[in-house]
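**Q** Going down the list, the protein sequences come from chains W and D. Heads up: the first sequence begins at 1 in the UniProt record's numbering, then just goes up one per residue. Heads up: the second sequence begins at 1 in the UniProt record's numbering, then just goes up one per residue.
Since the hints were derived computationally from the structure, they do not count as laboratory data. Misleading hints may appear alongside valid ones.
Intra- or inter-copy, both count: the list cannot distinguish identical chains.
Under the rule of at most 27 Å between Cα atoms (straight-line distance), these lysine-lysine pairs were calculated in the DSSO-like manner [as the list claims (entries may be wrong)]:
no.: 1; residue 1: Lys281; residue 2: Lys172
no.: 2; residue 1: Lys151; residue 2: Lys133
no.: 3; residue 1: Lys222; residue 2: Lys12
no.: 4; residue 1: Lys222; residue 2: Lys129
no.: 5; residue 1: Lys222; residue 2: Lys151
no.: 6; residue 1: Lys20; residue 2: Lys222
no.: 7; residue 1: Lys281; residue 2: Lys127
no.: 8; residue 1: Lys281; residue 2: Lys173
no.: 9; residue 1: Lys129; residue 2: Lys151
no.: 10; residue 1: Lys172; residue 2: Lys114
no.: 11; residue 1: Lys20; residue 2: Lys151
no.: 12; residue 1: Lys356; residue 2: Lys222
no.: 13; residue 1: Lys114; residue 2: Lys129
no.: 14; residue 1: Lys124; residue 2: Lys172
no.: 15; residue 1: Lys121; residue 2: Lys133
no.: 16; residue 1: Lys127; residue 2: Lys173
no.: 17; residue 1: Lys12; residue 2: Lys151
no.: 18; residue 1: Lys356; residue 2: Lys151
no.: 19; residue 1: Lys127; residue 2: Lys172
no.: 20; residue 1: Lys222; residue 2: Lys173
no.: 21; residue 1: Lys356; residue 2: Lys173
no.: 22; residue 1: Lys356; residue 2: Lys114
no.: 23; residue 1: Lys129; residue 2: Lys20
no.: 24; residue 1: Lys20; residue 2: Lys121
Residues per chain, in single letters:
There are 2 protein chains.
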Amino acid sequence: MKIQKKHSNLHKILDIIIRKGEISRIDLAEITGLTRAAVGHLVDELMSQNLIMEAGIGEARGGRPPTLLQPVPQGCYFIGAAVFDFSWSLVMMDLSGTIIDECTYPISRMTPEKTVSQLIKAIKELKDKHRDKRILPRIGVGTPGLVDSEKGIIVSAFDVRWMNFPIADMIKKESGMSIRVVNRSKVSALASYYLHNPENYGNIISIVIGTGVASGLILDHKLYMGSSFGAGELGHTSVIPNGPACLCGNRGCLQALIGENAILERGQNLARINSVSAPEKIDDILNQSREGELYHQVITEVAEYLSIAIGNIINLLNPDLIVLSGPVVSGCPQLLELVSQKKNYRSMLPNQDAVKVISSDWGIQTAAVGSAYLVRENTREILSQP
Amino acid sequence: MKIQKKHSNLHKILDIIIRKGEISRIDLAEITGLTRAAVGHLVDELMSQNLIMEAGIGEARGGRPPTLLQPVPQGCYFIGAAVFDFSWSLVMMDLSGTIIDECTYPISRMTPEKTVSQLIKAIKELKDKHRDKRILPRIGVGTPGLVDSEKGIIVSAFDVRWMNFPIADMIKKESGMSIRVVNRSKVSALASYYLHNPENYGNIISIVIGTGVASGLILDHKLYMGSSFGAGELGHTSVIPNGPACLCGNRGCLQALIGENAILERGQNLARINSVSAPEKIDDILNQSREGELYHQVITEVAEYLSIAIGNIINLLNPDLIVLSGPVVSGCPQLLELVSQKKNYRSMLPNQDAVKVISSDWGIQTAAVGSAYLVRENTREILSQP
Numbered sequence: 001m002k003i004q005k006k007h008s009n010l011h012k013i014l015d016i017i018i019r020k021g022e023i024s025r026i027d028l029a030e031i032t033g034l035t036r037a038a039v040g041h042l043v044d045e046l047m048s049q050n051l052i053m054e055a056g057i058g059e060a061r062g063g064r065p066p067t068l069l070q071p072v073p074q075g076c077y078f079i080g081a082a083v084f085d086f087s088w089s090l091v092m093m094d095l096s097g098t099i100i101d102e103c104t105y106p107i108s109r110m111t112p113e114k115t116v117s118q119l120i121k122a123i124k125e126l127k128d129k130h131r132d133k134r135i136l137p138r139i140g141v142g143t144p145g146l147v148d149s150e151k152g153i154i155v156s157a158f159d160v161r162w163m164n165f166p167i168a169d170m171i172k173k174e175s176g177m178s179i180r181v182v183n184r185s186k187v188s189a190l191a192s193y194y195l196h197n198p199e200n201y202g203n204i205i206s207i208v209i210g211t212g213v214a215s216g217l218i219l220d221h222k223l224y225m226g227s228s229f230g231a232g233e234l235g236h237t238s239v240i241p242n243g244p245a246c247l248c249g250n251r252g253c254l255q256a257l258i259g260e261n262a263i264l265e266r267g268q269n270l271a272r273i274n275s276v277s278a279p280e281k282i283d284d285i286l287n288q289s290r291e292g293e294l295y296h297q298v299i300t301e302v303a304e305y306l307s308i309a310i311g312n313i314i315n316l317l318n319p320d321l322i323v324l325s326g327p328v329v330s331g332c333p334q335l336l337e338l339v340s341q342k343k344n345y346r347s348m349l350p351n352q353d354a355v356k357v358i359s360s361d362w363g364i365q366t367a368a369v370g371s372a373y374l375v376r377e378n379t380r381e382i383l384s385q386p
Numbered sequence: 001m002k003i004q005k006k007h008s009n010l011h012k013i014l015d016i017i018i019r020k021g022e023i024s025r026i027d028l029a030e031i032t033g034l035t036r037a038a039v040g041h042l043v044d045e046l047m048s049q050n051l052i053m054e055a056g057i058g059e060a061r062g063g064r065p066p067t068l069l070q071p072v073p074q075g076c077y078f079i080g081a082a083v084f085d086f087s088w089s090l091v092m093m094d095l096s097g098t099i100i101d102e103c104t105y106p107i108s109r110m111t112p113e114k115t116v117s118q119l120i121k122a123i124k125e126l127k128d129k130h131r132d133k134r135i136l137p138r139i140g141v142g143t144p145g146l147v148d149s150e151k152g153i154i155v156s157a158f159d160v161r162w163m164n165f166p167i168a169d170m171i172k173k174e175s176g177m178s179i180r181v182v183n184r185s186k187v188s189a190l191a192s193y194y195l196h197n198p199e200n201y202g203n204i205i206s207i208v209i210g211t212g213v214a215s216g217l218i219l220d221h222k223l224y225m226g227s228s229f230g231a232g233e234l235g236h237t238s239v240i241p242n243g244p245a246c247l248c249g250n251r252g253c254l255q256a257l258i259g260e261n262a263i264l265e266r267g268q269n270l271a272r273i274n275s276v277s278a279p280e281k282i283d284d285i286l287n288q289s290r291e292g293e294l295y296h297q298v299i300t301e302v303a304e305y306l307s308i309a310i311g312n313i314i315n316l317l318n319p320d321l322i323v324l325s326g327p328v329v330s331g332c333p334q335l336l337e338l339v340s341q342k343k344n345y346r347s348m349l350p351n352q353d354a355v356k357v358i359s360s361d362w363g364i365q366t367a368a369v370g371s372a373y374l375v376r377e378n379t380r381e382i383l384s385q386p
């Protein structure tokens, strides 16, 4: 099933069919600028490889209603993995984007060695369980930190103290498996893109609020990486220039204002003022943050700071969708309400009218799903596999 | 010279040759995934249309050194226009990107009618002067305000009080000419992209500081428009949340802190404190802003605020080039120095290491040049013109 140069359009046709979900030959010809004959030939080739199939009839636009083409779900499978909270999440996705299996593997210690060996074990077990399937050999992997996706190196992940961790090479050496590794906030954004209808939203900012505050950017329907894979450091944009010190060395970063530690500290201060016992964990605060409750003020402030950062994004990037997620968001449903109540995100009105701000509770598997979508995007590899 | 569907790759080949400036057939085949035979055929077609030519010999990589292909400068010409300071700037560009003519036309009154009639007059005179040349019928036009480039409407330009100004239709109706209209900060960014080597920088933020503060974004080598053409509203991102009121209705926007009016006001306050005569115009301040001079403090503050905004961009977008321009930048060379001295842009170090911050004094014609590049990008139109 080697891809021939003369079939350089083959992967483009497959890519469009996968992204659209279903499409007619005529529309394929229109989008690609190829002749209908050429499209017909390429479609035949993809059908003979059992990657696409005819399914249903589209709307007629004068003449006979066209037959629609869809990906064959069983045509190829993809494994996506992501590390969160001392465990690996893995999913298996079919060619149509449906998750057909998922699992979680705890990591005993967050050393590079333990992390890698547990991932290899997890992938092997998942592959063994589905040994009858045609699985793409390249695994998508989402990790924390700044990730050089070209070299397959985690350059720095301060939370887990990884520096220059050559994860792709280590996995290759120990198991022969190939991975594509990307920061987990970036693959989460990719999941948001595909889990919503890609026809509806092309510029998506996915914001994850936990201990850290990170974001992933889908711009013009593509995952935006930046010049050195560093795009999306929303947590370290400045909101209150003379605000509290941040771990990064600056002051008043969004993360220093609305990250879990900042919320906990603010809650503890408030408890002291009110002479009640101090909250021990973030949930103690989030669970008492509705109007009239003890920690409502804390969440009001969080909403205020978050709105400023969101306003800046709306002004600068004019997105059509902003997706909030992470422990702080899922633990505190009223946060989205408070943010949405601020009708004015400190941004220009036309940009504000163009955007929808929502929360997502897809949970920690979102990044694993995004990692699977990431490798599914490479239709050249789907076609060149044996 | 109608483009055939079977030649859908023709415009791609032309596009690559224009962007690269020179390239061999072998490299074209590698980039496009087409066979060398197919590339050879397409190249012949473009040569027969006098759009590209053989020019010079490339480096051998085993075997015979390859012949390089270049655009024929005279193959097609492009007119770009932009409105600034009560006048239209126009340039004529050849296919290789060289500006071969330029002119300026004052606008007596900034009404839609006067503005349109003066542009039509200017284009006609430029076309007449170059009537021997093959000029692309579509003119690129940069204007202030929020521009719906699809509909050809200036939705709102507060400075000149234009609202829902259907500039494309008006020009079409009165002269039969087609235009493509885009916000002038966006086309300025496109000029920055092409005037630097596009091979070197793919993620460029162009920041123009005058009465307003606007930006244009080149991301992944393409002009980023946003979901409703509103990307780049850097001037209205929040820098000091409780800062001075901005025209947009919010507080502490970058424009309210470093726009010309803000600088003038700050200078006047400083003059009052120092009991000297108040500055009347912005240049009175910029010209006395070196270290030890009266208004140095004003510019130090401007640099501080600008650095915060630049830091936010570096964190969020991880660009490789930031270009500062506009009257405030060209009138005050020490501003770039002060901004660059802030080694720490309040941004993550790897992102900071990836970016270069420079100033540009290309002047007001930059936007007109960008407008010409804008229409040159549409190689389909170049091929389909008679």
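**Q** Taking the hints in turn, state whether each one holds.
**A** Quick rundown of the hints versus the structure:
1. Lys281 x Lys172: neither (40 Å within a copy, 65 Å between copies)
2. Lys151 x Lys133: neither (29 Å within a copy, 49 Å between copies)
3. Lys222 x Lys12: Both. Shortest intra-copy (15 Å) and inter-copy (20 Å) distances satisfy the 27 Å Cα cut-off.
4. Lys222 x Lys129: Answer is neither: 32 Å inside a copy and 44 Å across each miss the 27 Å cutoff.
5. Lys222 x Lys151: This pair counts as both: shortest intra-copy Cα distance 20 Å, inter-copy 24 Å.
6. Lys20 x Lys222: Both, since 15 Å and 23 Å are each at most 27 Å.
7. Lys281 x Lys127: neither (38 Å within a copy, 72 Å between copies)
8. Lys281 x Lys173: neither (41 Å within a copy, 67 Å between copies)
9. Lys129 x Lys151: Intra 30 Å, inter 54 Å, cutoff 27 Å: neither.
10. Lys172 x Lys114: So Lys172 and Lys114 pass the 27 Å test inside one copy only (15 Å; across, 67 Å).
11. Lys20 x Lys151: between (31 Å within a copy, 26 Å between copies)
12. Lys356 x Lys222: both (19 Å within a copy, 25 Å between copies)
13. Lys114 x Lys129: This pair counts as within: shortest intra-copy Cα distance 23 Å, inter-copy 73 Å.
14. Lys124 x Lys172: Only inside one copy: Lys124 and Lys172 sit 13 Å apart there, 64 Å across copies, limit 27 Å.
15. Lys121 x Lys133: Cα proximity of Lys121 and Lys133: one copy only (18 Å, versus 68 Å across).
16. Lys127 x Lys173: within (18 Å within a copy, 65 Å between copies)
17. Lys12 x Lys151: within (26 Å within a copy, 29 Å between copies)
18. Lys356 x Lys151: Classified as between: cross-chain Cα gap 23 Å, same-chain 36 Å, threshold 27 Å.
19. Lys127 x Lys172: The answer is within: 16 Å in one copy meets 27 Å, while 62 Å across copies does not.
20. Lys222 x Lys173: Answer is neither; intra-copy 31 Å and inter-copy 38 Å both fail.
21. Lys356 x Lys173: neither (45 Å within a copy, 37 Å between copies)
22. Lys356 x Lys114: Intra 41 Å, inter 39 Å, cutoff 27 Å: neither.
23. Lys129 x Lys20: Neither. Shortest intra-copy (30 Å) and inter-copy (49 Å) distances fail the 27 Å Cα cut-off.
24. Lys20 x Lys121: Neither, since 34 Å and 46 Å both go past 27 Å.
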